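Here the protein sequences line up with chains A and B, keeping their order.
Note that my numbering has the first sequence beginning at 1, numbered continuously upward.
Note that my numbering has the second sequence beginning at 108, numbered continuously upward.
Hint data in this document are derived by calculation from the structure and do not stem from the laboratory.
Predicted model only: the values in this text are computed from it and were never measured.
Mixed in with the good hints there might be a few duds.
Here are some of the chain B residues that sit facing chain A, going by a computed Cβ distance under 10 Å [what the hints assert, rightly or not]: (1) 116; (2) 137; (3) 139.
Cβ pair distances, simulated, as ranges [what the hints assert, rightly or not]: (4) A:31 - B:141: 48 to 58 Å; (5) A:7 - B:222: 40 to 50 Å; (6) B:229 - A:10: 29 to 39 Å; (7) B:233 - A:32: 46 to 56 Å; (8) A:20 - B:325: 31 to 41 Å; (9) B:290 - A:7: 38 to 48 Å; (10) A:14 - B:254: 46 to 56 Å; (11) B:115 - A:20: 43 to 53 Å; (12) A:74 - B:303: 34 to 44 Å; (13) A:73 - B:190: 54 to 64 Å.
By construction, the Cβ of each residue, glycine as well, lies at the ideal position given by its N, Cα and C atoms.
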Amino acid sequence: MSPAEQDVLQAAADWSSGGHKVAVATVVRTWGSAPRPAGSQLAVRDDGAFVGSVSGGCVEGAVIEEAQNAMHDGKTRRLEFGVSDEQAWSVGLACGGHIEIFVEPLV
Amino acid sequence: MKKETLAALLAARNAGRPIVRATDLETGEDRLIDPATDRSELGLAAAQAARSDRSAPVEIGGHTWFLAVFNPPLDLAIVGAVHIAQPLSQMAALGGYRVRIIDPRAAFATAERFPGVSLSHDWPDQALAKAPLGPRSALVALTHDPKIDDPALTSALRSPCFYIGALGSKKTHANRLARLRRHGFSDEDLLRLHGPVGLAIGARSPAEIAISILAQMTQVLRTDGGREQTAARATD
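For reference, chain A alone in the conformation it holds in the complex (with noise of 0.2 Å):
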């Protein structure tokens, strides 16, 4: 993991001590030519505010609404994005991946 990847979990702890609620999401599996490895991640800040990636395109807006939920309701999220290669095109991932993606609530 790239010391990048690791700045995500550094800003969620900031923002946590700061007086934030924060979730943080992270890409457990991946089938087909998905665009970001298991083990990439993503904070979201209660705001909306959001630092890292899950998928370099826009099923991060998606992620990120789950993340507020689980931030209210203090729950884990398992999603799955399965997409075919004309969805792909418009939801953001490039060519027909498929990512399952946990998402948490810091607590």
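Following the hints, put chain B in place on chain A, whose structure we already have.
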């Protein structure tokens, strides 16, 4: 994730210790694993993940655990603050390496020539005793001067570093291997030493030579190909 877990994870990373976080994907329960010491089934899977530097899910005891690997950064020790070291240090930094340059000749290793790079004016054996090479370290010797290169290569061959390379022609390299054999290294030990350094891509300029060296380092780090090719070359 608990705030305390996150704090412990960041503390391990800042101390340069490899650590693996295992998360039960059903329950969200997690634990931090020291991959060097944990001998449980989960610990051994974590050690395997850390070695391959690959985060992945594993099935253990009917549970799906996600193993997230947090390895310390890669380390590149360049011996010789020569021309090639300039593009090599910049490109390696882009590739995620923490780069250090070792050259006892203070006129070569200057902050003007290597802005932002950690510089040591110690002799290589001393510098490498102070900051030893680990399993995520690479060493490249560039001086052509046996007085400086040999102590560096000797230290590297006694370390668990993943890559050792030395600049020089085939003739220079043959002489170097003969000297190292006299130091007691076996032919098998010396298979770890890549020379002439770098993949054969016809590199000419310092930047191109830096690319060929980094390509070979990447090959050895990420595949077994580097080792196989070195072994094949040795039997030519």
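These are the hints, each one checked on the structure:
1. 116: 6 Å, holds
2. 137: 9 Å, holds
3. 139: Violated, about 12 Å.
4. A:31 - B:141: 48 to 58 Å: Since residue 31 of chain A and residue 141 of chain B have Cβ atoms about 31 Å apart, the given range 48 to 58 Å is violated.
5. A:7 - B:222: 40 to 50 Å: Roughly 22 Å apart at Cβ, these two residues miss the hinted range, so it is violated.
6. B:229 - A:10: 29 to 39 Å: With a Cβ separation near 32 Å, residue 229 of chain B and residue 10 of chain A satisfy 29 to 39 Å, so the hint holds.
7. B:233 - A:32: 46 to 56 Å: For residue 233 of chain B and residue 32 of chain A the Cβ distance comes to about 51 Å; the hint holds.
8. A:20 - B:325: 31 to 41 Å: 38 Å, holds
9. B:290 - A:7: 38 to 48 Å: Check passed, 43 Å falls within 38 to 48 Å.
10. A:14 - B:254: 46 to 56 Å: Since residue 14 of chain A and residue 254 of chain B have Cβ atoms about 48 Å apart, the given range 46 to 56 Å holds.
11. B:115 - A:20: 43 to 53 Å: Given about 20 Å between the Cβ atoms, the range is violated.
12. A:74 - B:303: 34 to 44 Å: With a Cβ separation near 59 Å, residue 74 of chain A and residue 303 of chain B fall outside 34 to 44 Å, so the hint is violated.
13. A:73 - B:190: 54 to 64 Å: 59 Å, holds
This entry does not satisfy hints 3, 4, 5, 11, 12, going by the numbered hints stated previously.
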